[in-house]
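Engineer: So the chains spell out like this:
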Amino acid sequence: MSLIYNEEQRMLLDTAQEFFAERSPVSALRALRDRGDELGFEPAVWQEMTELGWSAIPFPENLGGLAFGYTGMGAVFESAGRHLSASPLLSSIVLCGSVLELGGSEPQQEQWLGELITGSKRLALAVDEGARHAPDQVSLSAVPTDTGFQLDGQKVMVVDGLQADGWIVAACTGQTADAISLFIVPAGTVGVEVQPQRLIDARNTARVSFTHVQVAPEQLIGELDRGAAILERALDRGRACLAAELQGACESLFQTTLEYLRTRVQFDVPIGSFQALQHRAAWMHVELELARSSLMAALAALDADDAQAAQRVSLAKWKVGQMADRVSGEAIQMHGGIGVTDELDVGLYFKRIRVLQALLGDADYHLARGYQDNRSSH
Amino acid sequence: MSLIYNEEQRMLLDTAQEFFAERSPVSALRALRDRGDELGFEPAVWQEMTELGWSAIPFPENLGGLAFGYTGMGAVFESAGRHLSASPLLSSIVLCGSVLELGGSEPQQEQWLGELITGSKRLALAVDEGARHAPDQVSLSAVPTDTGFQLDGQKVMVVDGLQADGWIVAACTGQTADAISLFIVPAGTVGVEVQPQRLIDARNTARVSFTHVQVAPEQLIGELDRGAAILERALDRGRACLAAELQGACESLFQTTLEYLRTRVQFDVPIGSFQALQHRAAWMHVELELARSSLMAALAALDADDAQAAQRVSLAKWKVGQMADRVSGEAIQMHGGIGVTDELDVGLYFKRIRVLQALLGDADYHLARGYQDNRSSH
Amino acid sequence: MMSSIEAFRADTCAWLEANCPASQRGPARDGELVWGGSRVEFLNEDQRLWFERMRERGWFCPDWPTAYGGGGLSPEEDAVLQQEMKRLKCRPPQINLGIWMLGPVLLEYGTEEQKQRLLPPMARGEVRWCQGFSEPNAGSDLASLRTAAVDAGDHFVVNGSKIWTSYGDKSDWMYCLVRTDPQAAKKQEGISLVVLDMHAEGVEARPIDLISGKSAFCEVFFDNVKVPKDNLIGPLNGGWTLAKRLLQHERSAMSKFGDFCLPNHFDLMEIVNRYLPPDRQTPSDIALRARAQSLALDEQAYNLTVQRMGQQARAGQDVSGIAAIMKLVHTEQEKQKFELLVDVMGHRALGWEGDEFGEQELAISKAWLLSYTQTISGGSSEVQLNVIAKRVLQLPDAPKGGAQ
Amino acid sequence: MMSSIEAFRADTCAWLEANCPASQRGPARDGELVWGGSRVEFLNEDQRLWFERMRERGWFCPDWPTAYGGGGLSPEEDAVLQQEMKRLKCRPPQINLGIWMLGPVLLEYGTEEQKQRLLPPMARGEVRWCQGFSEPNAGSDLASLRTAAVDAGDHFVVNGSKIWTSYGDKSDWMYCLVRTDPQAAKKQEGISLVVLDMHAEGVEARPIDLISGKSAFCEVFFDNVKVPKDNLIGPLNGGWTLAKRLLQHERSAMSKFGDFCLPNHFDLMEIVNRYLPPDRQTPSDIALRARAQSLALDEQAYNLTVQRMGQQARAGQDVSGIAAIMKLVHTEQEKQKFELLVDVMGHRALGWEGDEFGEQELAISKAWLLSYTQTISGGSSEVQLNVIAKRVLQLPDAPKGGAQ
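Chains as they are written, first to last, in numbering that gives the first Met the number 0: chain A, 0 to 377; chain B, 0 to 377; chain C, 0 to 403; chain D, 0 to 403.
Keep in mind that a hint or two might mislead.
[As the list claims (entries may be wrong)] Result set (SDA-like, lysine to any residue): computed pairs, CA atoms no more than 25 Å apart in a straight line:
#1 C:LYS334 - B:ASP341
#2 D:LYS326 - A:LEU287
#3 D:LYS389 - A:TYR259
#4 C:LYS336 - B:TRP282
#5 D:LYS326 - B:GLN265
#6 D:LYS365 - B:ASP267
#7 D:LYS225 - D:LYS213
#8 D:LYS213 - B:GLY328
#9 C:LYS186 - C:LYS213
#10 C:LYS186 - A:LEU287
#11 C:LYS326 - A:GLY328
#12 C:LYS336 - A:GLY336
#13 D:LYS365 - B:GLU37
#14 D:LYS326 - B:PHE266
#15 C:LYS326 - B:TRP282
#16 D:LYS334 - B:GLY336
#17 C:LYS243 - A:ASP33
#18 C:LYS365 - A:GLY129
#19 C:LYS365 - A:ASP33
#20 C:LYS365 - A:ARG22
#21 D:LYS213 - D:GLN335
#22 D:LYS186 - B:ASP267
#23 C:LYS326 - B:ALA275
#24 C:LYS365 - A:GLN194
#25 D:LYS334 - B:GLU342
#26 C:LYS213 - A:ARG261
#27 D:LYS213 - B:ASP341
#28 D:LYS389 - B:ASP36
#29 D:LYS213 - B:ARG32
#30 D:LYS389 - A:ASP267
#31 D:LYS389 - A:GLN194
#32 D:LYS185 - B:ARG263
#33 D:LYS365 - B:GLY335
#34 D:LYS213 - B:ARG34
#35 D:LYS365 - B:SER138
#36 C:LYS186 - A:VAL264
#37 D:LYS186 - B:ARG263
#38 D:LYS186 - B:VAL264
#39 D:LYS185 - B:VAL264
If you're looking for bench data, these hints aren't it; they were derived computationally from the structure.
Take these sequences, add in the hints, and give me the full structure.
Structural biologist: Shown next as structure tokens:
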């Protein structure tokens, strides 16, 4: 299991760093936020990303992909995290693309995957219904009708759910909680309503409600009642990418903080010479290194289709999340008064980090999922 | 509710500090330990303590006591903690004395209390059976016979259980877990076996086993099946005294550590000038102050017979225990290499502190018990 | 026969009962207290009545001499008034930093002319004051301030800027630290205290946006602002001593303020129980609940420590060791509490605006983000820890030229 | 045709298969490895055989020149031998600090006479070596050592003491830092490296009792010990450079040692499950379990980081940033793990001795107490944090005369 980027992946990392630094720096996010942009990302930037082939990275070649794997995808997310760059790469490619790749019928793949990859369409995944991530607690129902199914219920925290061309929706279709089925609901379907949920990170997040929504049988992805397994695999890919974005954001924030410690003078000395701050900064470095290893192991496990991939992903989301708590909190505190003003980017990082932590399962969620008494693995 | 010692209590505190410093300093404990003394305390010192009246402090005057209350008792325990002084004040007076005061019949009180107070006899309380404190999980049974009861089972962590003149034993006498009865079993009773449990603090701790032990009906304390309420009140008094001993031990250890920080020179400066250590020392001080307030509130609540006394005691045992984790760990680390040698007293404090934390419920135990949604109380 | 002080108590009590409207009793929420000043506003008639009645009696500043618009009460009488107001839960009729902080310093150090000019309008609640101490590049190192006041004959010309000035945009006057001797050997020695008119030419106050959104804090810019020399308080270059005095008053004022202000207090356990359904006891729910309990107990320990500090002070014991921990403990506990709430509430605590979130949910998000400012402003946690280590624990300074 | 290195691999493998007894393969428990030296002891015949066979082949120090008793292998051959031993899980035939640490330094800095005199007995496993660096008053500040070696013509007279010398009481010789110039401008400049006979007159080694009880550490006292001048290694007053070199070898030796030693590894979750009956799910049990899980995950993150460091090193990438955290993380995690075990096991982890406690229970108590020494010895956690802050993060030193 390789825990470091190979040469190709490193080249991708470098390209992505440069691209986001130039085309989608933090100032771009600030501008989107200040004008209250509902879409939450720049379509032109997304278009360029697809042209660079990043939207094709995770898919097999027969589906029009590059089969470059999730370690490569991680490199892109890490770079995006560094610059707080917004795009539908997670929602439309990693999450919805995965569901279609893993469970979609040939016609479904033909209808959607190509357009997702070129960016001419995009889908959003609608899973959660409660305050915290709980993909096994679905109460949105899909009841069989003469012509297909009727969907009733609502979804929250739908990432990039506003202005999407459709949603992949997890619905309960049986008596038991694990009887979950996945449906594609195209935009414009009668009975679908989309509301923006304006979060602290100023991205595109939606509540989507479904009232007597009629869907045709062809819109079912995979087998009836068997959607949970597909969903979990897609979610794990998304979680690993979120962990990569978090890691990138935290590393960038840490660098900014170190720079501040080196240059900010108080009581006639750089504050970075105060030993108490030095030790705390050292602990931040320690956590970043431990988180980095956990992240790389998760990406590698996904690429190897490892039996322990789910645990590895949860370890990563947990550990990176824990690290992010420390790094984001300390970054603000060490920047002092100026760190809590909106003028500095520190706050933007802090707020995005906190949303990334919550998305698809916070540290508490992944702790229980990540630990299994499996000594052979270490 | 007074959270500070009054003048009389302060005088008692001063007297106790002087007494223990002179008659029972840390070197005395070291000597007891080095000669493997099974009794674990100096009978002569205990005799003098009773002559100073300290064994009479908590009892009402009609029972031969001074009715000086548990805040006063706390002052004595705090002083004992400062010097790691060993005596059966907890086991024989606070715990067994309380059981007899609260639940004993007049003949029982007459038979035992006077001699406990003068120190000519001593009793030990036998409650726990498992690895951790759990007074509501008693499986030692007392089954009615023609002539009284038969006891079968065993008790562990019996403080001062070796060479005691008797034990007060919690037994299960009914179908339900809360049907607990208390019996006095005098030393020499057939079927009782006492084994030393040599703990890291080198005190008198025993496992006491009971095999077909016959006890007369007069040895039952209070009503059958109704011992739990008496026991809980006695235990709470013991817990508060343990918290006081812990607080005293930690304050002393903190003073020693501060002194070391001020005088120990490394890299040509006193190590106490290193800011990282200064901040950690400051946090120790913070915790000591918060713990002190919790302790005083518990002692005051016991004296006021407050309805919230149990919660207050658990708050104290929890908070003082948390503080003790930090203070004892930091004390060793800050003393560096020399701190982990047996030559220094730091290790003796550390080990006693860890036993005090575990006795009658550790922080985890008291967390759940201490919190009640009772906004009116603060 | 009653002693005169007992008579005063009876009179005061009767007067308060008669004059303090029922709506002006009990703790007030954020925004429910009146701020005095030229642009004073009242939420309702009761507020105005209470404000005017107390003003007429001189009880905005009851222990000041009547010559300066005060109530002329003796310290004993003032204490009785405070006790009775507290007992009857009367709200302070106005909040005014001038009265609570600058006033006492003026009484101690001001010239007779300054007292006559500045105190009576203050005592009538006609002037709203703000404080100009912190500067953008100074941070915790207050003495390194750079706002310069240059001698120009009968006035100073002030240039520079101040930050973290609460309600700078709504205030009439500022008391302000300025550098009057940039050559002083020690940087503390070149500082003076002046008062200046916020409506003067060249003064601009801009509200600061925080990570939590809009705030009461302003950055205040001075562009060649003329300050008459008789607005210098105390000796030239002697401002540092006065500033320390002012900060002492700030601390007691803040505690007074705290007594009457209902903070945005969120009931931790109530919220935990609301967002973690008791019928769903997952391990993560239970772990969160345990964390909540431990924070609740820590808060009790803190509250008991506040009580103990009061008792020790009344018993004449030294409380410096406890006092030094208060700000640190409270603000760090609040931060932990909100972090827990965010973990418990999930995305419901991550809302920024809009009606997809409840009012309380948005308030918690803001309060959570604001809690990060509390461990920085008013003496950062690091400064508090330094103070504890050096003043309370007497740990040594790093010697000059020392390593590390 | 096989390349010569492949032929060597085949030969080596065949020889190891034939000569390494089955009992001498696989990880060893504490006390199951042989320590070379004049008082060498064997637990069984297999150990002796394996020891003697490897000795005869010169493979105690396979890459040393045969002239000094080594195996004369090229670096490539040595690497193959290590790989094959690792693959076949052969235990090291002996542990000897002399070979692992002093040997390489002697080869680099020793005189020909010293090499001839000291290396061959070392290579035959006849001499057990210990290290004399730390001193009672030096702590983390190694360079402030005071043990003095005074010039007395053909020998030095050594007075002073060393602390934390592992197995000082069982060793034959010590390599030792002494102060040979107390007047040197910098304290690092007055230090020399000497080797000395532990059986010489005036040397006394006393085992140190720790808070966990008996230990392998000794304090070693020197009372007018005569050390011949040809036991000075490297230049007079040039010991500091050699010491740093030695410490580098120490680090790689420790990792080698670690590969073969079964640490007293306690299976956290197994113990948790044993002491917290799964049928009794109290909130406190669940909270402890969550703490255990989080420590188990943290341990996984650490193990993955060890792996990643290896991969980065093999890929020729800089690993200094990771290497600097290893000791810190591992020892701090161990401390947390044992603290958790104590909380889980209650009084069962508080036993000191006697048959009231199980063997594993007493071992856990000792290991717990010992874990407090691990964050201090071999570079305390504070030293590690300083190193990370300064060398890895490049944070500035406090300037001379700086405040705070």
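Engineer: Take the hints in turn and mark each one as holding or not.
Structural biologist: Hints and how they fare:
no.: 1; hint: C:LYS334 - B:ASP341; result: violated, 40 Å
no.: 2; hint: D:LYS326 - A:LEU287; result: holds, 16 Å
no.: 3; hint: D:LYS389 - A:TYR259; result: holds, 15 Å
no.: 4; hint: C:LYS336 - B:TRP282; result: holds, 18 Å
no.: 5; hint: D:LYS326 - B:GLN265; result: holds, 22 Å
no.: 6; hint: D:LYS365 - B:ASP267; result: violated, 35 Å
no.: 7; hint: D:LYS225 - D:LYS213; result: violated, 30 Å
no.: 8; hint: D:LYS213 - B:GLY328; result: holds, 21 Å
no.: 9; hint: C:LYS186 - C:LYS213; result: violated, 34 Å
no.: 10; hint: C:LYS186 - A:LEU287; result: violated, 40 Å
no.: 11; hint: C:LYS326 - A:GLY328; result: holds, 19 Å
no.: 12; hint: C:LYS336 - A:GLY336; result: holds, 21 Å
no.: 13; hint: D:LYS365 - B:GLU37; result: holds, 21 Å
no.: 14; hint: D:LYS326 - B:PHE266; result: holds, 22 Å
no.: 15; hint: C:LYS326 - B:TRP282; result: holds, 13 Å
no.: 16; hint: D:LYS334 - B:GLY336; result: holds, 16 Å
no.: 17; hint: C:LYS243 - A:ASP33; result: violated, 41 Å
no.: 18; hint: C:LYS365 - A:GLY129; result: holds, 21 Å
no.: 19; hint: C:LYS365 - A:ASP33; result: holds, 18 Å
no.: 20; hint: C:LYS365 - A:ARG22; result: violated, 31 Å
no.: 21; hint: D:LYS213 - D:GLN335; result: holds, 23 Å
no.: 22; hint: D:LYS186 - B:ASP267; result: holds, 11 Å
no.: 23; hint: C:LYS326 - B:ALA275; result: holds, 20 Å
no.: 24; hint: C:LYS365 - A:GLN194; result: holds, 22 Å
no.: 25; hint: D:LYS334 - B:GLU342; result: holds, 22 Å
no.: 26; hint: C:LYS213 - A:ARG261; result: violated, 30 Å
no.: 27; hint: D:LYS213 - B:ASP341; result: holds, 9 Å
no.: 28; hint: D:LYS389 - B:ASP36; result: violated, 51 Å
no.: 29; hint: D:LYS213 - B:ARG32; result: holds, 15 Å
no.: 30; hint: D:LYS389 - A:ASP267; result: holds, 19 Å
no.: 31; hint: D:LYS389 - A:GLN194; result: violated, 50 Å
no.: 32; hint: D:LYS185 - B:ARG263; result: holds, 21 Å
no.: 33; hint: D:LYS365 - B:GLY335; result: holds, 18 Å
no.: 34; hint: D:LYS213 - B:ARG34; result: holds, 16 Å
no.: 35; hint: D:LYS365 - B:SER138; result: violated, 31 Å
no.: 36; hint: C:LYS186 - A:VAL264; result: holds, 15 Å
no.: 37; hint: D:LYS186 - B:ARG263; result: holds, 18 Å
no.: 38; hint: D:LYS186 - B:VAL264; result: holds, 15 Å
no.: 39; hint: D:LYS185 - B:VAL264; result: holds, 17 Å
Comparing the model with each numbered hint stated earlier shows that hints 1, 6, 7, 9, 10, 17, 20, 26, 28, 31, 35 do not hold.
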